[in-house]
Amino acid sequence: MDDGAVLVLDAVSINFNGRLTINNLSLKLKPGEVYALLGPNGAGKTTTLNLILGFLTPDSGAIIIDGVDGITDPTGARARIAYLPETVMLHPALTAIENLRYFALLAGRKIEDATARRLLSDAGLQAEAHGRRTSDFSKGMRQKVGVAIALAKDARLLLLDEPTSGLDAGAANDLSDMIRAASTRGMAVLMATHDLFRVKNVAHRLGILREGRLVDERDAAAIGPVELEELYLEKLTA
Amino acid sequence: MIGPRFVDLFVWEWRQVGRTPLLWVILLTLAASFLWGAGNTGAFHNAQTQAQAGTRAAEAAHRASMERRAISYRAPVTPDKPKVPYWQDPTNVSGFSQYFVFQHALKPHLPLSPLAVGISDLAPGQFEVKLNTGFGFDESYDFENPRGLALGRFDLGFVLVYLLPIALILAFGLLVTFERDRGMLQLVAAQSTRPQLWLGTRMAAILAWIAPVVMASLLLALGVASVSFSDALPELLAAFLLVGGYILLWTGIAALVLSRMPGAAGALGMLGAIWTALAIGLPLLGSILASSVSTAPSGIAFINAQRQTNDAVQTDRDAIVRRAIAARPDLRVAQGDVDKIDHATRLTFLVPETEKRLSQFRAATAAHAEQQARIAIVAGYLIPPIGLQAGLATLAGTGEARQRQFLIQARAYQLRLRGILYPPVQRQIVDPTPDSEPATRGRLNLTDRNILPVFAMTDDSPATRTAAVMPFAVWLWLLGGVLAALGIRRAGKWPPDL
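Chains as they are written, first to last, in the working numbering: chain A, 1 to 238; chain C, 1 to 498.
Since the hints were made in silico from the structure, they are not lab data.
A virtual CB, placed ideally from N, CA and C, is assigned to each residue, including glycine.
Hints are supplied without guarantee of correctness; some may be wrong.
Cβ pair distances, simulated, as ranges [said to hold, decoys possible]:
| # | chain 1 | residue 1 | chain 2 | residue 2 | range |
| --- | --- | --- | --- | --- | --- |
| 1 | A | Lys110 | C | Ile119 | 50 to 58 Å |
| 2 | A | Lys30 | C | Pro496 | 26 to 34 Å |
| 3 | A | Gly224 | C | Gly272 | 53 to 61 Å |
| 4 | A | Asn41 | C | Arg260 | 25 to 33 Å |
| 5 | C | Phe154 | A | Ser121 | 54 to 62 Å |
| 6 | A | Thr237 | C | Arg260 | 36 to 44 Å |
| 7 | A | Pro92 | C | Asp497 | 21 to 29 Å |
| 8 | A | Gly4 | C | Ala273 | 47 to 55 Å |
| 9 | C | Ala32 | A | Leu20 | 52 to 60 Å |
| 10 | A | Pro92 | C | Leu28 | 21 to 29 Å |
| 11 | C | Ala43 | A | Lys110 | 51 to 59 Å |
| 12 | C | Gly281 | A | Ser121 | 52 to 60 Å |
| 13 | C | Ala273 | A | Ser121 | 47 to 55 Å |
Covered, in the sense of this in silico footprint (three residues per stretch, anywhere, with C-beta under 8 Å from a C-beta of chain C), are these stretches of chain A [stated by the list, open to error]:
| # | segment |
| --- | --- |
| 14 | 103-117 |
| 15 | 144-156 |
Chain A side only, calculated, beta carbon under 10 Å to chain C, not exhaustive [stated by the list, open to error]:
| # | residue |
| --- | --- |
| 16 | Asn50 |
| 17 | Leu53 |
| 18 | Gly54 |
| 19 | Leu56 |
| 20 | Asp73 |
| 21 | Gly76 |
| 22 | Arg78 |
| 23 | Ala79 |
| 24 | Ile81 |
| 25 | Thr87 |
| 26 | Val88 |
| 27 | His91 |
| 28 | Ala93 |
| 29 | Glu98 |
| 30 | Asp161 |
Produce the complete structure using the sequences and hints provided.
Written as structure tokens, this is what we have:
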């Protein structure tokens, strides 16, 4: 069923209070592929990510992450997933390095300070901030630590939830670079976003989610920015 | 293996938890409360011990004064120094028995008494044991300020039973829910750590700081309160076992509540409600149930019966004395001389008769007390704060059971004194000591006044006291372990609403 795919969602559905929040969603991501899941608030993007992370159990369908069944073995599946939430919150009393080492440890990896510094630099965090407590970090700086946490995990699949929300242009651009770099290293990336501009820049494929259903799916290269916006609006109002 | 090893994560968590200012605020507050509580009780018990020493000194002074009078009453009667009345004459055996016996039953404090005030601030630790007071002693003592009684004394037992759980609730409730409230838990959960491992290591790390600091603070507080550790070693070890079990119990309760990964408000609300139920609600309910199951004999009814009995005995006093003498072959010859018997000698017959007539009330009161004690033991297992309070008081020697032992021994002491003095007093009825020639001021029918033994309370051995609390300590460890295991098991999945 997976054909070497890193992520397979097969006819996944979930109900909340009698409402079909995700309706028969199927999706397949190959290594190195960047997939953008577009949709308005409440379309089911975050629910999809939570299903993949194993925080929610679908009522029907299958979820396979790098060959591991995400429903029966959510912890094993999570070991193959790096995740960057919309807002990365860190331990304010710990330094960036300590935060990174802590989350790496939670992922089962013990990393030394030097490795942590390299990962933070790779994520774009300036060296002077590595040893500082994160209590006064901006959202962008915390996001970079979050990226370093994701990189430290050396996962097969990267999930991003509204990754550019609230970031300034420079930080958002750095994030796009990171996504491309991850893709180049063979990591599959699934990003839930509103950011059509960024999608066009980094994604290979995009899907539009409406009321839990995937209503359209395109190659990002085959569609121009204006066309994408028109398609998005059309699918939301149809 | 997926995810971190327990040891690696525990070491990390232990270091981080130890850096949390909140933990140290909680622990230092607790340590200060321990010091205050132990010091408070230690000072109170020292004052009681000094008062007991004062009582013994008063007894010695009384004996010395009595001896001086006895010596002076050997002098012959002169016009200006006539014969002294028998109630003022310590050389007269009947006068001595009623008016000069000044003995006390004292309950000394045990080496670990600063551990818990128990009932030592409510129940008397010393009685004057008079020969003819019904049932051993007057059950009256100086009342404390009712406000003080209502609030209770701030002692180490109070801190351990009531404040220690609050400290644990705050530590677990705030340090485990931090990630949840800060919005970090999703990122934590997205790594490959099982929720059971994460919760277990965090709680174990908190416990690994709290438990040793609590034990060290306890030791320090008792040391400051002048407890001799070598004298109280078995009881001290048992106290550590009890406190350790109690900490584990509240850890188990916290694990059950925190297994669903609530926020701080939810966790503190739930744990606070459990604390209120265990510390206040259930004991109150239990008390109401216990008193409804077994109603206490009415104190007013007893006083009423006592007055009626005293009146009846006084009315029939001659007949009672006559019957008592008639029943005694050694005294029977004096049946016709009842009118000549002095008041103190009459009491040797009347007091036992009064006690006999009131014995059913005393038996009912004693039976009720024993039943309540049995109910309290069961309640202690069902409501652990009650059990811990009783256990600490048992080890400290301030518990209800030791008080009952004291009362029983004090009564036995009174009967022993009667056994020594009643026979010579009654022998005077049929075989009076001849009057001295020439007539002396004193009667001189009691030459040795140092015939009464000093009360010495017989206590259970430290091993017996320790053994008495062991079943409850084992129960606490068992219950705490089961609850902790259930709590960790319940945390099988990360909550869906991260």
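Next item on the list: Under 10 Å, Cβ to Cβ, is where Thr87(A) needs to be relative to chain C, so tell me if that hint holds or is violated.
Entry: Hint on Thr87(A): holds, closest Cβ of chain C at ~7 Å, below 10 Å.
Notebook entry, point to check: Can the hint on Leu53(A) be confirmed by a CB-to-CB distance to chain C that is less than 10 Å?
Noted result: With Cβ-Cβ at 6 Å, under 10 Å, it holds.
Check: With 10 Å as the cut and Cβ atoms as the points, is Val88(A) at the interface with chain C?
Finding: holds, 7 Å
Check: Against chain C, with CB atoms and a cut of 10 Å, does the hint on Asn50(A) hold up?
Finding: holds, 7 Å
Next item on the list: Could you check if Gly76(A) really has its C-beta closer than 10 Å to a C-beta on chain C?
Entry: holds, 6 Å
Next item on the list: Confirm or reject the claim that Ala32(C) and Leu20(A) have a C-beta distance inside 52 to 60 Å.
Entry: holds, 58 Å
Check: Does Asp161(A) pass the interface hint, meaning its C-beta sits closer than 10 Å to a C-beta of chain C?
Finding: At about 9 Å, which falls below the 10 Å cut-off, the nearest Cβ of chain C leaves the hint on Asp161(A) intact, so it holds.
Margin query: Holds or violated: the hint that Leu56(A) contacts chain C, with Cβ atoms closer than 10 Å.
Written below: holds, 5 Å
Item checked: CB-CB spacing for Ser121(A) and Gly281(C) relative to the 52 to 60 Å hint -> holds, 58 Å
Next item on the list: Indicate whether the distance between the beta carbons of Pro92(A) and Asp497(C) respects the range 21 to 29 Å.
Entry: The hint (21 to 29 Å, Cβ to Cβ) holds, given that Pro92(A) and Asp497(C) are roughly 23 Å apart.
Note to self: Using a Cβ cutoff of 8 Å, are there at least 3 residues of the segment 103-117 of chain A near chain C, or does the coverage claim fail?
What the structure shows: holds (count 6)
Next item on the list: Please verify that hint: Asp73(A), Cβ, nearest Cβ of chain C, below 10 Å or not.
Entry: For Asp73(A), the interface hint holds, since the closest Cβ of chain C sits about 9 Å away, which is under 10 Å.
Against the hints set out earlier in the document, no violation occurs for any number.
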